[in-house]
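Q: Sequences are here, hints too, so could you generate the full structure?
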Amino acid sequence: MSLKEISEIALPVLRHARQIALEARELEISVKANRNDLVTQVDREIENYVAKELIALTGYKMMGEESHSVEDFRGRVWVLDPIDGTMNYVATGRDYAISLALLEGGKPIWGCVVDVTKDLFYVAGLGQGASCNGEPIWEVDSERSFEDAIIITDIKEICAMPRLANALVHSRGHRRYGSAALEIVEVAAGRAGAFVHMWVSPWDIAAATLICEEAGASVTRLDGTRMDVCQKGSILAGWPNVHQGLLKELMINAQ
1 MSLKEISEIA
11 LPVLRHARQI
21 ALEARELEIS
31 VKANRNDLVT
41 QVDREIENYV
51 AKELIALTGY
61 KMMGEESHSV
71 EDFRGRVWVL
81 DPIDGTMNYV
91 ATGRDYAISL
101 ALLEGGKPIW
111 GCVVDVTKDL
121 FYVAGLGQGA
131 SCNGEPIWEV
141 DSERSFEDAI
151 IITDIKEICA
161 MPRLANALVH
171 SRGHRRYGSA
181 ALEIVEVAAG
191 RAGAFVHMWV
201 SPWDIAAATL
211 ICEEAGASVT
221 RLDGTRMDVC
231 QKGSILAGWP
241 NVHQGLLKEL
251 MINAQ
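Heads up: the sequence shown at position 247 corresponds to 247 in my numbering, and the numbers run straight through without jumps.
In short, the hints are calculated from the structure, not lab data.
Be careful, since some hints might not be right.
Heads up, simulated DSSO-like pairs for lysine-lysine below, C-alpha to C-alpha not over 27 Å straight-line [as the list claims (entries may be wrong)]: (1) K61 with K232; (2) K248 with K232; (3) K232 with K107; (4) K61 with K4.
A: Given below as structure tokens:
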């Protein structure tokens, strides 16, 4: 099945999933690992709907954050985060996303991040560039410097990495939106210079990293090693100059 056919199958499913998120009224909220790790019945409803549709339409297995697992990543595998930014979904009703990627041999070949409230569909295919609502995302400017960059990171990262805190002084500042998928596509779109996080899961980043790379940004672990989206770990995504500069500043070994 070609990447064009994948888009033709997956995007209508994601459009309906977006409507599920928008039309939900009373939320049933549960706590998972800790009080800041929430799940709602809408997370589960979206995952079950998307999994049912895509498995039936393509025959590919699926890993989902809430209830779908795989034994390995051989062949083609869907990776889904039904709502990335559930805390935002519950608390503010904005800044949350649906993230869907298709992996082949453990590497993303197609991905879509849906900014639900803004009705923005960020899509990329391996070797085919990235787009937002069908309009190409032009490659990020490789010459833009760290001093021009807004860095997306969390207070936990800043406290844990003093060198990051020192580096941020020379940037235009830092922000945090609460959805890793949306934060990474901010880099792809050129609105942020880098995204730094010590711990992300496959469903958080599988789609967004492909979009970022197809837009010309660099994506690695925090120690500069290759990104393996099948494994949990750290991430540094950024404009080429900013990515390189941050790596030199951090000089840490985190995976």
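Q: Could you run down the list of hints and mark each one as holding or not?
A: Here's how the hints hold up against the structure:
At most 27 Å may separate the alpha-carbon atoms for a hinted pair to count; K61 and K232 meet this at roughly 19 Å. Restraint check for K248 and K232: satisfied, since their Cα atoms lie roughly 23 Å apart, inside the 27 Å limit. Between K232 and K107, the direct Cα distance comes to roughly 14 Å. Compliance with the 27 Å bound is thereby established for this hinted pair. Restraint check for K61 and K4: the C-alpha separation of about 19 Å stays at or below 27 Å, so the hint holds.
When each numbered hint is compared with the structure, no violation occurs for any of them.
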